[in-house]
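Q: Below, each chain spelled out in residue letters.
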Amino acid sequence: MPHSPTAVPLPRRALLGGVVAVSSVAAVGCESVWRSPLGATEPTPTADEVLRQQVLAAVAGHREFLTAVVLAHPGLSGPLHRLATMHSAHARVLGEGLEQAGEVEEAAVTPTPDPAPDPVPRRSGAALRVVRRRHLAWQRQLADQVVAAESGGFARVLAAMAAAVTQQLLTLPQPESGAA
Amino acid sequence: MRTQVWQQVLAAEHAAVWTFGLLAARHESEAEALLLAQAHDVHRSRRDHAELALRAAGETPVPSAPAYELLAEEPLEAALAVEQACATGYAALVAALTGEERRWPANALTDAAARALGFRGSPEHFPGLDELAGR
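Chains as they are written, first to last, in this note's numbering: chain A, 11 to 190; chain B, 24 to 158.
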């Protein structure tokens, strides 16, 4: 019997299944609405939409921090390039969910930058340690968000992102001991 | 739907256990032997877990085939292909389950992605999501 890898039972259109589905539901008006004091109704974002905004904001924060680290320590640009590329890919795919739904305001798409980013340490070894620490925490957060997501398709994307962060952590160079 | 995906995961685990059992005899170094033996143990444990999950749901777990086709000739390449096939299944299982149930396949996906690097795999942006390969 031939080896048969497990098939993904999701069509390509559903690559962000939950994300797109959730936003599409919003588009057809199945979500709750609330009336502002001025009388205008505004859609209440679904739990997955809120979660996706949080994930996008966190990804933006990680990218900003990596940029700051590379500016302070150009020698780290090589090792951190793949990590930054991964974040860009994650942001792009998460953002596509909004664009495909086509019903979300521009302001909602713009991720909020990290209000209090970590300072970049003066030594490159210490900076690398902070990068590692931040991404370890990020991997754990993503693992929790997999559980929190309502849609299975969105959870699947988050799980893949967590796995990707783990791979990047394993390929990051080890900081030299004592380079604090 | 969920039992169907569990069955797919179990089928992939059967293949993985068979493949790693075979590859363990073909290793080229002690380090390789250790990696392959660890993978064999992990997948046996996952196979058992998948069987338990199916029995708990009142389903009959899909049986193992007598033999499987190696996905590549070179041992590490075959090992990498097995991990990637399992990762695809774990990701599908995450989508099929809800809440805390997702932890097991999510952890398995992360572990498979990490193990793939040991088999000379390259980091991916979305491990287990075949439709996003190369994104």
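Just so you know, the hints here were simulated from the structure itself, not pulled from any lab data.
Mixed in with the good hints, there may be bad ones.
Here are some chain A residues pointing at chain B (derived, C-beta under 10 Å) [claimed, not checked]:
no., residue
1, 130
2, 135
3, 136
4, 140
Sample of chain A residues facing chain B (criterion: CB under 10 Å; computed from the structure) [what the hints assert, rightly or not]:
no., residue
5, 82
6, 83
7, 84
8, 87
9, 95
10, 103
11, 105
12, 139
13, 147
14, 151
15, 153
16, 160
17, 166
18, 174
Being a predicted model, the structure only gives us computed values, none of them experimental.
C-beta: ideal position from N, C-alpha, C; glycine also.
Q: Which numbered hints are broken by the structure, listed smallest first?
A: 1, 2, 3, 4, 5, 6, 7, 8, 11, 12, 13 and 14
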